[in-house]
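Residues per chain, in single letters:
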Amino acid sequence: MNGVRPLSIPVILGTTRKGRMSAHAARFVFSQLQKREGVTSELIDIAELNLPVDDAGEAVKDPRFSLAMERADAIVIVSPEYNHSFPGLLKHILDSCLKEYIHKAAGIVGVSASVFGGARVIEHFQPVLRELGLVPIFWDVNFGTVHKVFDGGGELLDQAYIRRTDKFLSELIWMARVLRYGRENISLE
Amino acid sequence: MRCPSCGTLMNRHAEKLIKDSHVPEGEVLASIHYCPKCGKVEAELERDDE
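Protein sequences, first through last, are from chains A and B.
Counting in this note's numbering, the first sequence tops out at residue 189, every number present.
Counting in this note's numbering, the second sequence tops out at residue 50, every number present.
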């Protein structure tokens, strides 16, 4: 494994909705990632990408997003649950890349106002991640009843999420290291 | 394949069928290469070699 380059793990804030509580979750996970040694991260807000919607796939690729995904060793997707699934714009943006994702780890953070904590959106994501060549980890973070987890200013109210997020990130980083080793050293037969 | 950014020999670690409206089959095989030095990713389309 190349020991010089730190792992790159961007956090994608996957909604553009006004008043989105997912922004608090994304900023919290991003702050926890920044505490990890040997890891660099950035917060990517899909509201700032402004991808065209008159086409799809690689035809609407955003160079900044593409470069961030190419550099990434793993990604964290923070997604609210809208009608039991992910926001359409998030899927639109994820679909704009492919080669950038292959054999890289992905972790999902679900956010919802209900007690389910985005469990259904996380399940919906699994076949999408697989088709994109991403490798989903088996830890998630579920921000259920999210209005009780963060106050209006984004301050964490429930300290249990520090440990839960720590477990999630440890697994994601392990998978990111393993997959980087594979991309660097193990050739397809 | 050499990395177009740093010249390092890239590792071919995956193949993937991708949609391509320019071929009759509607999809083309891509080899995915990764640069162990700088992390650049390249996709080499099978039709490029034909």
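Note that these hints are calculated values from the structure, not bench results.
Quick reminder that beta carbons are idealized off the backbone N, C-alpha and C, glycines included.
Hints may be right or wrong, so weigh each one.
Said to hold, decoys possible - For lysine-lysine, the following DSS-like pairs were computed, each having C-alpha atoms within a straight-line distance of at most 25 Å:
1) B:K19 x A:K91
2) B:K37 x B:K19
3) B:K37 x A:K91
4) A:K167 x A:K18
5) B:K16 x B:K40
6) B:K37 x B:K16
7) B:K19 x A:K61
8) A:K35 x A:K167
9) A:K35 x A:K61
10) A:K61 x A:K148
11) B:K40 x A:K61
12) B:K40 x A:K91
13) A:K167 x A:K148
14) A:K61 x B:K16
As the list claims (entries may be wrong) - So these bits of chain A aren't anywhere near chain B, every CB distance computed over 12 Å:
15) V53
16) C97
17) A113
18) I186
Here is what the structure says about each hint:
no.	hint	in the structure
1	B:K19 x A:K91	holds, 17 Å
2	B:K37 x B:K19	violated, 29 Å
3	B:K37 x A:K91	violated, 31 Å
4	A:K167 x A:K18	violated, 30 Å
5	B:K16 x B:K40	holds, 17 Å
6	B:K37 x B:K16	holds, 23 Å
7	B:K19 x A:K61	holds, 15 Å
8	A:K35 x A:K167	holds, 14 Å
9	A:K35 x A:K61	violated, 31 Å
10	A:K61 x A:K148	violated, 37 Å
11	B:K40 x A:K61	holds, 17 Å
12	B:K40 x A:K91	holds, 24 Å
13	A:K167 x A:K148	holds, 21 Å
14	A:K61 x B:K16	holds, 19 Å
15	V53	holds, 19 Å
16	C97	violated, 10 Å
17	A113	holds, 37 Å
18	I186	violated, 6 Å
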